[in-house]
Amino acid sequence: QQQVKQSPQSLIVQKGGIPIINCAYENTAFDYFPWYQQFPGKGPALLIAIRPDVSEKKEGRFTISFNKSAKQFSLHIMDSQPGDSATYFCAAFNNAGNMLTFGGGTRLMVKP
Amino acid sequence: DTGVSQDPRHKITKRGQNVTFRCDPISEHNRLYWYRQTLGQGPEFLTYFQNEAQLEKSRLLSDRFSAERPKGSFSTLEIQRTEQGDSAMYLCASSPGTHSYNEQFFGPGTRLTVL
Numbered sequence: 027q028q029q030v031k032q033s034p035q036s037l038i039v040q041k042g043g044i045p046i047i048n049c050a051y052e053n054t055a056f057d058y059f060p061w062y063q064q065f066p067g068k069g070p071a072l073l074i075a076i077r078p079d080v081s082e083k084k085e086g087r088f089t090i091s092f093n094k095s096a097k098q099f100s101l102h103i104m105d106s107q108p109g110d111s112a113t114y115f116c117a118a119f120n121n122a123g124n125m126l127t128f129g130g131g132t133r134l135m136v137k138p
Numbered sequence: 033d034t035g036v037s038q039d040p041r042h043k044i045t046k047r048g049q050n051v052t053f054r055c056d057p058i059s060e061h062n063r064l065y066w067y068r069q070t071l072g073q074g075p076e077f078l079t080y081f082q083n084e085a086q087l088e089k090s091r092l093l094s095d096r097f098s099a100e101r102p103k104g105s106f107s108t109l110e111i112q113r114t115e116q117g118d119s120a121m122y123l124c125a126s127s128p129g130t131h132s133y134n135e136q137f138f139g140p141g142t143r144l145t146v147l
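Taken in order, these protein sequences are the chains called A and B. All the letters of the first sequence, read from the start, carry residue numbers 27 to 138 under the working numbering. All the letters of the second sequence, read from the start, carry residue numbers 33 to 147 under the working numbering.
Next comes chain A alone, as it looks inside the complex:
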């Protein structure tokens, strides 16, 4: 059962564009929402994370927007670069279970 739904599955933008990746969850016990970036042949690496008591968090060119009532959150990448081309995963952490539940991933390509 996929508890975190992620869209789109793939995304192509031009350099400088602002790709937006969306995620939705059902389980209200989730209380921490990280985003991971994965390059081919590598493990996922943490990009940015948010807790549901804030609506937005920004770190460098990456911004998370969080809508607790809608149980949705999204990642925005400002001024995207070809080096941002990777697969991005949203995730949700259930403190009671001590495990991360990942979305299905979004393969991003940033064209020069």
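By construction, these hints were calculated from the structure, which means they are not laboratory data. Among the clues, some could well be false.
Stated by the list, open to error - With a Cα cut of at most 27 Å, we get these calculated DSS-like pairs of lysine-lysine:
1) Lys68/A x Lys83/A
2) Lys89/B x Lys46/B
3) Lys97/A x Lys83/A
4) Lys68/A x Lys46/B
5) Lys89/B x Lys31/A
6) Lys83/A x Lys94/A
7) Lys31/A x Lys84/A
8) Lys41/A x Lys84/A
9) Lys68/A x Lys43/B
10) Lys137/A x Lys97/A
11) Lys89/B x Lys68/A
12) Lys41/A x Lys68/A
Following the hints, put chain B in place on chain A, whose structure we already have.
Relative to the frame of chain A, chain B by itself:
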């Protein structure tokens, strides 16, 4: 390089054989996690350890899967009687364990192919 290492990086085996993967976490990290990632999907949690104690194993995919962390340092994941459906990337992650929200640092994974 996150400091989490996994060995081997690739494993090809025939159906029915047993395989064992090793994970060496960041040395001061108390928590160690195993995930499985199939092609085009996000990682799927399998099990985790707090030091040598396996605190969650209900998500292991079947009784053919088992994991150990005997001295609270490295861990092994064993799959017995492999099936073609076991073909996937097996990821290990570690975290300090001082707080539930500690970042999990992932290793590069072991890619398993079952023929």
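Here's how the hints hold up against the structure:
Only pairs whose Cα atoms come within 27 Å are accepted, and Lys68/A paired with Lys83/A is accepted, the gap being roughly 26 Å. Among the hinted pairs, Lys89/B with Lys46/B is consistent with the structure: their alpha-carbon atoms are about 26 Å apart, no more than 27 Å. Taken as a hint, the Lys97/A and Lys83/A pair is honoured in the structure, with Cα atoms around 16 Å apart against an allowance of 27 Å. Using a Cα cut-off of 27 Å, the hinted pair Lys68/A and Lys46/B holds, with the two alpha carbons roughly 25 Å apart.
Of the supplied pair hints, the one linking Lys89/B and Lys31/A holds, its CA atoms being roughly 24 Å apart against a limit of 27 Å. Restraint check: the Cα-Cα separation between Lys83/A and Lys94/A comes to about 14 Å, which is no more than 27 Å; the hinted pair holds. Between Lys31/A and Lys84/A the CA atoms are separated by roughly 22 Å; this keeps the pair inside 27 Å, and the hint holds. With a C-alpha separation of about 20 Å, the suggested pair Lys41/A and Lys84/A falls inside the 27 Å cut-off, and the hint holds.
Between Lys68/A and Lys43/B, the direct Cα distance comes to roughly 16 Å. Compliance with the 27 Å bound is thereby established for this hinted pair. With a CA separation close to 31 Å, the supplied pair Lys137/A and Lys97/A exceeds the 27 Å bound. At roughly 25 Å between alpha-carbon atoms, Lys89/B and Lys68/A fall within 27 Å of each other, so this suggested pair holds. With a C-alpha separation of about 23 Å, the suggested pair Lys41/A and Lys68/A falls inside the 27 Å cut-off, and the hint holds.
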